[in-house]
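Novice: From first to last, the protein sequence lines stand for chains A and B. Read in numbering that gives the first Met the number 0, the first sequence has 290 at position 291, and its numbers run on one by one without any break. Read in numbering that gives the first Met the number 0, the second sequence has 404 at position 405, and its numbers run on one by one without any break.
Keep in mind the hints are simulated off the structure, nothing from the lab. One should not assume that every hint holds.
[To be verified] Calculated pairs, SDA-like style, for lysine to any residue (alpha carbon to alpha carbon, straight line, at most 25 Å):
1. 218/B <-> 552/B
2. 134/B <-> 280/A
3. 281/A <-> 490/B
4. 134/B <-> 128/A
5. 134/B <-> 98/A
6. 102/A <-> 448/B
7. 102/A <-> 118/B
8. 134/B <-> 294/A
9. 118/B <-> 106/A
10. 134/B <-> 276/A
11. 134/B <-> 274/A
12. 118/B <-> 128/A
13. 281/A <-> 448/B
14. 118/B <-> 276/A
15. 432/B <-> 119/B
16. 191/B <-> 105/A
17. 118/B <-> 105/A
[Claimed, not checked] Away from chain A, derived, C-beta distances all over 12 Å, residues of chain B:
18. 39
19. 134
20. 457
21. 564
Here a beta-carbon is modelled for each residue, glycine too, at the ideal position from N, C-alpha and C.
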Amino acid sequence: MEVYLQQLPQQLVNGLTLGGVYALIAIGYTMVYGILSMLNFAHGEVYMIGGFIGWWVLYLLSRGNVPILHASLVISLMIIVTMVLTGFLGMIIERLAYRPLRKAPRMNLLLSALGVSIFLQNLVLNYQGAKARSFYVSSLIPESLRVIEAGGVVFSFMRILVIVVAFGLMALLTILIKKTKVGKAMRATAQDTEAATFMGIDVDRIIVLVFLIGSALGGAAGTLVGLLFTQVDYYVGFQAGLKGFTAAVLGGIGNIFGAMIGGILLGLFESLATTFFPATYKDVVAFVILIVVLIFRPWGLMGEKIPEKV
Amino acid sequence: MERLEKREWSETEKIALCLITAVALGLLPHFMPNNYWLRIYTMTGLFVMLALGLNVVAGFAGLLDLSYVAFFGIGGYTYAFLSSDHFNIHLPFLFVLPLAALITMGFGFALGCTSLRLKGDYLAIVTLAFAQIFKLLLLNLDRPINITGGVNGIYNLDPINFFGLRIESPMVYSYIIWFFAVIVVLGSLRIKRSRLGRGWEAIREDELAAEAMGVNTTKMKLLAFAGGAFIAGGAGTLFASFQESVFPNNFDFPQLVIIYCMVILGGLGNIVGVVLGAIVLSILPEFLREYGAYRMMSYGLILIVLMALRPQGIMGEIGFLTKGKKRPNKEETGVLKASTDLYYTETDKMELQIRPRFRRGDRPVLEVRNVTMNFGGLRALDDLSLIVHEREILSMIGPNGAGKTTVFNLVSGIYPPTTGKVFFEGIDITGLKPHQVVKAGIARTFQNLRLFSNMTVLDNAKVSQFCQTHSGPISILFHLPRYREEEIETDTITREKLGLFGARLTGYRFDQKATSLSYANRRRLEIARAMSTNAKLLMLDEPSAGMNPQETIEITEFIKKLRDVYGYTILVIEHKLNVVKTISDRVIALDYGRKLAEGNYDEVANHPQVIEAYLGRKKN
Numbered sequence: 000m001e002v003y004l005q006q007l008p009q010q011l012v013n014g015l016t017l018g019g020v021y022a023l024i025a026i027g028y029t030m031v032y033g034i035l036s037m038l039n040f041a042h043g044e045v046y047m048i049g050g051f052i053g054w055w056v057l058y059l060l061s062r063g064n065v066p067i068l069h070a071s072l073v074i075s076l077m078i079i080v081t082m083v084l085t086g087f088l089g090m091i092i093e094r095l096a097y098r099p100l101r102k103a104p105r106m107n108l109l110l111s112a113l114g115v116s117i118f119l120q121n122l123v124l125n126y127q128g129a130k131a132r133s134f135y136v137s138s139l140i141p142e143s144l145r146v147i148e149a150g151g152v153v154f155s156f157m158r159i160l161v162i163v164v165a166f167g168l169m170a171l172l173t174i175l176i177k178k179t180k181v182g183k184a185m186r187a188t189a190q191d192t193e194a195a196t197f198m199g200i201d202v203d204r205i206i207v208l209v210f211l212i213g214s215a216l217g218g219a220a221g222t223l224v225g226l227l228f229t230q231v232d233y234y235v236g237f238q239a240g241l242k243g244f245t246a247a248v249l250g251g252i253g254n255i256f257g258a259m260i261g262g263i264l265l266g267l268f269e270s271l272a273t274t275f276f277p278a279t280y281k282d283v284v285a286f287v288i289l290i291v292v293l294i295f296r297p298w299g300l301m302g303e304k305i306p307e308k309v
Numbered sequence: 000m001e002r003l004e005k006r007e008w009s010e011t012e013k014i015a016l017c018l019i020t021a022v023a024l025g026l027l028p029h030f031m032p033n034n035y036w037l038r039i040y041t042m043t044g045l046f047v048m049l050a051l052g053l054n055v056v057a058g059f060a061g062l063l064d065l066s067y068v069a070f071f072g073i074g075g076y077t078y079a080f081l082s083s084d085h086f087n088i089h090l091p092f093l094f095v096l097p098l099a100a101l102i103t104m105g106f107g108f109a110l111g112c113t114s115l116r117l118k119g120d121y122l123a124i125v126t127l128a129f130a131q132i133f134k135l136l137l138l139n140l141d142r143p144i145n146i147t148g149g150v151n152g153i154y155n156l157d158p159i160n161f162f163g164l165r166i167e168s169p170m171v172y173s174y175i176i177w178f179f180a181v182i183v184v185l186g187s188l189r190i191k192r193s194r195l196g197r198g199w200e201a202i203r204e205d206e207l208a209a210e211a212m213g214v215n216t217t218k219m220k221l222l223a224f225a226g227g228a229f230i231a232g233g234a235g236t237l238f239a240s241f242q243e244s245v246f247p248n249n250f251d252f253p254q255l256v257i258i259y260c261m262v263i264l265g266g267l268g269n270i271v272g273v274v275l276g277a278i279v280l281s282i283l284p285e286f287l288r289e290y291g292a293y294r295m296m297s298y299g300l301i302l303i304v305l306m307a308l309r310p311q312g313i314m315g316e317i318g319f320l321t322k323g324k325k326r327p328n329k330e331e332t333g334v335l336k337a338s339t340d341l342y343y344t345e346t347d348k349m350e351l352q353i354r355p356r357f358r359r360g361d362r363p364v365l366e367v368r369n370v371t372m373n374f375g376g377l378r379a380l381d382d383l384s385l386i387v388h389e390r391e392i393l394s395m396i397g398p399n400g401a402g403k404t405t406v407f408n409l410v411s412g413i414y415p416p417t418t419g420k421v422f423f424e425g426i427d428i429t430g431l432k433p434h435q436v437v438k439a440g441i442a443r444t445f446q447n448l449r450l451f452s453n454m455t456v457l458d459n460a461k462v463s464q465f466c467q468t469h470s471g472p473i474s475i476l477f478h479l480p481r482y483r484e485e486e487i488e489t490d491t492i493t494r495e496k497l498g499l500f501g502a503r504l505t506g507y508r509f510d511q512k513a514t515s516l517s518y519a520n521r522r523r524l525e526i527a528r529a530m531s532t533n534a535k536l537l538m539l540d541e542p543s544a545g546m547n548p549q550e551t552i553e554i555t556e557f558i559k560k561l562r563d564v565y566g567y568t569i570l571v572i573e574h575k576l577n578v579v580k581t582i583s584d585r586v587i588a589l590d591y592g593r594k595l596a597e598g599n600y601d602e603v604a605n606h607p608q609v610i611e612a613y614l615g616r617k618k619n
């Protein structure tokens with residue numbers, strides 16, 4: 000027990016990092032669900048492609064594993080380019096695979112999303128190979144900054160970066176949704192698509208925007224995890240997607256702030272679980288949480304129960 | 000030329016088809032150029048089985064089960080545990096096959112139990128999580144004790160062994176596997192046409208309406224999970240014995256996607272289509288082997304493109320196989336007639352004049368006693384009591400939101416009252432599930448029409464006989480006499496009830512989909528569907544809504560006829576006051592969940608509080 004208590008602060012920091020990433024992924028799920036009531040199965044793949052884009056930016060800006068620009072500039076570029084490109088990818092997915100099915104039964108939409116997921120995953124497999132790509136981050140950060148120790152807890156530079164970027168992006172999103180006109184339109188569309196149309200909101204544009212923002216955040220999460228764990232391969236999207244969805248459900252799907260809180264909680268649960276279980280069963284913990292929440296409280300911790308209209 | 004007759008296979012055609020299939024299956028293995036193709040041929044049989052198993056869950060019942068491939072795996076690993084050197088157990092194949100199928104069925108049942116309350120996306124994601132847990136266990140349960148063999152799987156499984164006769168020839172394997180595939184095909188065909196098939200289809204179309212028409216949706220969903228798992232488990236055992244080994248990779252997500260593609264390509268629920276889908280997708284990739292890397296990518300594309308362009312699959316609604324009867328636009332004499340002219344024949348009018356056969360009784364049939372219903376902070380019904388007597392028409396009127404439909408929902412069991420009791424023929428039915436209420440003898444219609452849109456008129460009505468019939472999978476699969484009798488009875492009763500509406504719901508309309516009916520006819524079908532449950536009490540929610548004056552007069556007469564000629568007791572919600580005036584024995588006016596007035600039409604209509612509720616108070 001003593002040992003566990005000693006590990007606790009460290010696990011909290013790890014959990015918060017992981018939680019920030021999960022929250023970023025979960026936002027993408029929850030925003031789409033809030034407006035279209037659909038589960039965007041392909042979101043995990045967007046995250047994975049985000050990781051690959053980040054890798055390519057780093058690779059193109061490096062000569063012999065040493066970056067040609069200042070580290071802060073490289074990292075900013077990685078994140079910005081990734082967000083732009085994955086945001087664009089999200090828009091394309093919506094246009095080609097989901098918009099034609101707007102009025103189709105829900106099951107068709109879900110199956111189409113499944114198709115997109117498989118397509119993207121194997122696209123990357125075919126063109127990038129099955130081997131994991133390594134991020135050469137060691138040359139990015141000066142030695143003195145790599146690890147910071149405070150009161151027995153180790154903060155790696157990357158962890159701090161992930162926490163700052165993830166929470167920064169979430170703060171920006173919150174401002175966008177709460178304070179701007181577009182944000183108001185998004186909230187209105189999520190409440191009642193039809194009524195929003197009648198009030199002169201271009202719902203198609205809002206949906207595109209939602210996919211753009213959600214996918215950009217998912218892509219950013221992919222790059223951040225690449226920087227943190229220094230690896231990405233074609234298969235990471237599947238697991239990450241499930242985790243992001245778990246986070247979204249935990250917070251109450253459709254609720255953006257719920258997704259943030261759900262992500263952080265899931266990250267904390269997982270890293271605490273690794274203290275008690277073998278690391279191979281870490282994912283089992285996440286899935287059990289998902290199953291239990293969905294069965295006993297499908298409207299999540301923050302959501303409200305909505306009875307079916309007869 | 001257009002065909003007017005729906006294509007039905009005659010007996011001789013059926014026998015010929017069986018013979019051709021049997022000969023083809025007998026000869027095909029001998030024409031395979033080499034063992035590689037023979038293996039593909041055998042695997043095709045397995046995929047036919049797997050696809051049809053998934054078709055039970057996803058196609059028939061519309062449950063998006065993403066853990067299906069795990070059941071395949073459970074079947075395979077069960078065989079590996081019980082017939083190999085791994086645990087040094089060597090049970091005979093003929094014993095393990097049914098055992099593995101039953102064990103897997105148990106898992107399917109358990110999965111169904113945990114995820115019953117989930118729908119659509121949530122069900123998909125929970126089952127996906129279960130599949131992931133299964134895979135993680137397969138990969139990691141080789142330590143501390145070696146159970147699953149981890150990544151390396153289990154190999155050197157026993158080949159099939161029939162009473163000491165070891166079967167190792169790939170040729171014989173192909174026969175065995177196709178033998179079971181054919182059994183699964185025939186079984187699927189029989190199930191689809193039975194009460195179970197109709198029940199599942201109804202759930203897929205509209206779960207709440209299915210429950211309200213007497214389908215035990217809980218039981219049926221569990222049955223779908225269990226049935227699908229049974230087939231997958233059996234297929235898993237066959238696969239394990241055929242491959243003589245099992246690996247976690249055999250039962251991973253890509254496998255699931257392939258099976259889903261087969262089912263969707265063929266069209267969910269369409270058996271012939273699914274079989275063709277399985278065959279096409281098993282063989283086609285072999286011709287495209289040089290593009291092997293793109294195989295999974297193309298499966299993804301197939302899903303996207305099919306969903307966008309042809310969600311009903313390749314076999315859905317094409318050609319003469321599925322075309323229903325067309326509406327005749329001529330009389331038998333050859334005189335062209337407008338469709339409405341065909342309706343209003345003399346016989347129709349004659350029938351309405353039939354003298355009352357039943358008289359009103361004073362025995363209370365339905366009694367709602369001090370019922371209160373709260374939705375969160377909203378009190379929809381406030382200490383409401385009402386009694387419906389035998390063979391009486393009781394109308395409920397009141398402004399929107401007065402709680403009229405809530406009364407229906409409470410009586411039919413869609414939700415239980417917060418406090419209070421409901422009695423039907425003296426028996427307490429409070430808290431019963433909707434299908435139990437229907438079985439007890441109360442059936443309803445819905446204000447905003449909840450027909451099973453893609454089912455035929457006849458099948459819509461036949462669903463209602465579900466709660467009055469009992470044959471299970473065994474009697475259906477073997478066409479036992481009990482099942483045949485029930486089917487004939489179902490057919491007779493539903494045709495009789497639909498027949499009460501004359502040409503509007505009979506003849507060529509039997510085979511038309513509910514969506515193709517006019518609005519008024521859909522309302523009529525809802526009533527016919529409610530009557531087909533053998534109910535004694537009908538609850539009609541705005542039966543004349545959306546009907547034109549002529550149709551309204553007709554439905555009014557019909558409702559009266561239901562009471563006088565056929566002896567039904569009727570509780571009706573209606574907004575058109577002239578209808579209420581014509582049909583009602585008594586009227587109840589509701590507002591804000593409370594009873595404002597009760598009595599005959601004139602008493603209620605002239606009640607000051609009722610007038611106030613409708614028109615507002617005069618300013619003094």
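Novice: Holds or violated: are the alpha carbons of residue 134/B and residue 280/A at most 25 Å from each other?
Specialist: Status holds; Cα separation ~11 Å.
Novice: Classify the label on residue 564/B as holds or violated, using whether its beta-carbon is more than 12 Å from each beta-carbon of chain A.
Specialist: Fine: 31 Å to the nearest Cβ keeps residue 564/B off the interface.
Novice: For the pair supplied as a hint, residue 134/B and residue 274/A, confirm whether the alpha-carbon distance does not exceed 25 Å.
Specialist: holds (23 Å)
Novice: Regarding the pair residue 118/B and residue 106/A, is the alpha-carbon distance no greater than 25 Å?
Specialist: Distance of about 10 Å is within 25 Å: holds.
Novice: Residue 134/B and residue 128/A were given as a pair; does the straight-line alpha-carbon distance stay at or below 25 Å?
Specialist: Roughly 23 Å between the alpha carbons, so the hint for residue 134/B and residue 128/A holds.
Novice: Can the restraint linking residue 281/A and residue 490/B be considered satisfied, given a maximum Cα separation of 25 Å?
Specialist: violated (56 Å)
Novice: Is residue 118/B within 25 Å of residue 276/A, Cα to Cα?
Specialist: Cα-Cα ~32 Å, so violated.
Novice: Holds or violated: residue 281/A with residue 448/B, Cα cutoff 25 Å?
Specialist: violated (48 Å)
Novice: When you check the alpha-carbon spacing of residue 102/A and residue 118/B, does it fall within 25 Å?
Specialist: Satisfied, since the Cα-Cα distance of roughly 18 Å is no more than 25 Å.
Novice: Keeping to a limit of 25 Å between CA atoms, is the pair of residue 432/B and residue 119/B held or broken?
Specialist: holds (22 Å)
Novice: So if I understand the rule, the pair passes when the alpha-carbon distance is 25 Å or less; does residue 134/B with residue 276/A pass?
Specialist: Roughly 18 Å between the alpha carbons, so the hint for residue 134/B and residue 276/A holds.
Novice: Hey, is residue 457/B genuinely clear of chain A, shortest beta carbon separation above 12 Å?
Specialist: holds (23 Å)
Violation of the numbered hints given earlier is confined to hints 1, 3, 5, 12, 13, 14, 19; the remaining hints are satisfied by the structure.
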